[in-house]
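**Student:** Residue numbers (this note's numbering), protein chains in the order written: chain Y, 1 to 86; chain E, 101 to 186; chain U, 201 to 286; chain A, 301 to 386; chain P, 401 to 486.
Take these hints with a grain of salt, some might be off.
Capping the alpha-carbon separation at 16 angstroms, the derived lysine to aspartate or glutamate pairs in EDC-like fashion look like this [as the list claims (entries may be wrong)]:
#, chain 1, residue 1, chain 2, residue 2
1, U, LYS223, P, ASP481
2, E, LYS123, U, ASP281
3, P, LYS423, A, ASP381
Calculated from the structure, these hints are not laboratory results.
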Amino acid sequence: MITAELIGNVWATRKADRLQGYKLMLAEVIGSTQAGQRMVVVDQIGAGIGDRVLVVCGSSARRMVGNDDVPIDAAVIGIIDGDCII
Amino acid sequence: MITAELIGNVWATRKADRLQGYKLMLAEVIGSTQAGQRMVVVDQIGAGIGDRVLVVCGSSARRMVGNDDVPIDAAVIGIIDGDCII
Amino acid sequence: MITAELIGNVWATRKADRLQGYKLMLAEVIGSTQAGQRMVVVDQIGAGIGDRVLVVCGSSARRMVGNDDVPIDAAVIGIIDGDCII
Amino acid sequence: MITAELIGNVWATRKADRLQGYKLMLAEVIGSTQAGQRMVVVDQIGAGIGDRVLVVCGSSARRMVGNDDVPIDAAVIGIIDGDCII
Amino acid sequence: MITAELIGNVWATRKADRLQGYKLMLAEVIGSTQAGQRMVVVDQIGAGIGDRVLVVCGSSARRMVGNDDVPIDAAVIGIIDGDCII
Numbered sequence: 001m002i003t004a005e006l007i008g009n010v011w012a013t014r015k016a017d018r019l020q021g022y023k024l025m026l027a028e029v030i031g032s033t034q035a036g037q038r039m040v041v042v043d044q045i046g047a048g049i050g051d052r053v054l055v056v057c058g059s060s061a062r063r064m065v066g067n068d069d070v071p072i073d074a075a076v077i078g079i080i081d082g083d084c085i086i
Numbered sequence: 101m102i103t104a105e106l107i108g109n110v111w112a113t114r115k116a117d118r119l120q121g122y123k124l125m126l127a128e129v130i131g132s133t134q135a136g137q138r139m140v141v142v143d144q145i146g147a148g149i150g151d152r153v154l155v156v157c158g159s160s161a162r163r164m165v166g167n168d169d170v171p172i173d174a175a176v177i178g179i180i181d182g183d184c185i186i
Numbered sequence: 201m202i203t204a205e206l207i208g209n210v211w212a213t214r215k216a217d218r219l220q221g222y223k224l225m226l227a228e229v230i231g232s233t234q235a236g237q238r239m240v241v242v243d244q245i246g247a248g249i250g251d252r253v254l255v256v257c258g259s260s261a262r263r264m265v266g267n268d269d270v271p272i273d274a275a276v277i278g279i280i281d282g283d284c285i286i
Numbered sequence: 301m302i303t304a305e306l307i308g309n310v311w312a313t314r315k316a317d318r319l320q321g322y323k324l325m326l327a328e329v330i331g332s333t334q335a336g337q338r339m340v341v342v343d344q345i346g347a348g349i350g351d352r353v354l355v356v357c358g359s360s361a362r363r364m365v366g367n368d369d370v371p372i373d374a375a376v377i378g379i380i381d382g383d384c385i386i
Numbered sequence: 401m402i403t404a405e406l407i408g409n410v411w412a413t414r415k416a417d418r419l420q421g422y423k424l425m426l427a428e429v430i431g432s433t434q435a436g437q438r439m440v441v442v443d444q445i446g447a448g449i450g451d452r453v454l455v456v457c458g459s460s461a462r463r464m465v466g467n468d469d470v471p472i473d474a475a476v477i478g479i480i481d482g483d484c485i486i
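Okay, chain Y solo, but in the shape it has when bound (with noise of 0.2 angstroms):
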C-alpha cells in the first residue's frame, strides 16, 4: 500500500453511473521516492483534506468498496495515527 495525504476533492459530474455516490478525491504520495506523484481515489473511512492515508491500488481497490463491478483503481484503506512517523 501508499502512503498518501489528502489534498483536495474531486469533482466529475459525467461519470460512470456505477460511480454515483462514491467520494473521488485527490491524494499524493508521501514519504517515499515517489513522493509527490499523484492519483485520485475513491474514500469511504472519512478522510479530510490534509489527513495522511494509507491507498490500496489495483483490484484490491474494488474489495475495499465491496463491489467487483465498480471501475476504480485507488481507495483509502485508512488513517495514519498521528503519531505515527513514515
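Dock chains E, U, A and P against the given chain Y, drawing on the hints supplied.
**Tutor:** Below, chains E, U, A and P alone, put in the same frame as chain Y:
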C-alpha cells in the same frame, strides 16, 4: 485513478475483434509528477479532445465497459468538472 | 494501453508448455515519456517489425489470447493506422 | 517479488473493518534501482524491524493472507536469509 | 513480459508455507530503459545464473505455476535463445 487530458483520437483499423466499436483516445497525464506520460484509453463517457478526465487502469478498465473479456487496461470513468482544481 | 513499435522477434526454445505456438516480439514504447522502455509481447494480430502497435498489459493480455491460463502479461491488440498521430 | 527492509510499524486506528488484526509495517526497497521506494505491507510471517524481506504485490498479496476480500496489495512472503546476497 | 538476466539464488528459510519447494532467483532487467531494476522470480523452467530469461509479472505469474493460491507476482516463462538479440 489518474488525471489526464485527452489529446487525440487513435485509429487502429486492424485490431482484435472484441475491440470493434470501442472509441480509442490518446490521453496525457496531467497534474502529477507523472505528467507527460501517455496512454491509449477507451472512452464510453462521451469525452472529447481537450477534456480533463479520470482514467482507471488494469482489470478495472474491463469493469468500466462491463465486459470482462475485452482486452483493455485503461478507460475513462469521468470528466473532471471545469472548476475542479487538480 | 501503450503505444509501441515492434523492433524484433524473440526466440525462447525452452519455455513454458502453454506458450508453445505463440509469437513473441520485442516492442519499444513510443510517443510517451516512457519512450525507450522495452517489453516482450505476444502478437496474434499479424503485426510485423516496424509496425506501430497498441499493447495491453496485465491480466487483459490473457483476455487477448482468449485463454486465462496462459502466463503472459503483454499482448498486441491492434496496429495503429499509418496516418494516426500519437 | 521485491526485496525490501522493514523500517517501522504503521498504525492506523481508523481503517477498513477487514483490516482489523493485520500487522502493517513500513518497508523500503533495497538492492535495486528502485531502492528507497517505500510501501506499507502486511506481515503474517513474524518479521521485525531490520529484517530483509520478500514482498509480493497486487492481487497475490490477498493470496498471501488467504482471503480474497481483504483490501491489501503488498504483503511479506518470506524473510531473506542472513547470508543471502541480493 | 520483461527480459532479465538471472544473477543469483535467493534463500528465505522462513517463508509462507505455499512457497515451499519453489526455486527463488534474483533477476536483473536487461535491454530496456529499466535495465538494472531487480526482482525476485520463481523459476520452474530450470534456468540458471547467467541465463537471459523472459519474466511474467502480476497474476500471470500464478498461472505459470498453475496454482492460483500461490502468493507470487513474478516468474520465469522461458530462456531466451543465445543468438536472439534483445
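**Student:** Hint by hint, say whether it matches the structure.
**Tutor:** Results for each hint:
no.	hint	in the structure
1	U:LYS223 - P:ASP481	holds (14 angstroms)
2	E:LYS123 - U:ASP281	holds (14 angstroms)
3	P:LYS423 - A:ASP381	holds (14 angstroms)
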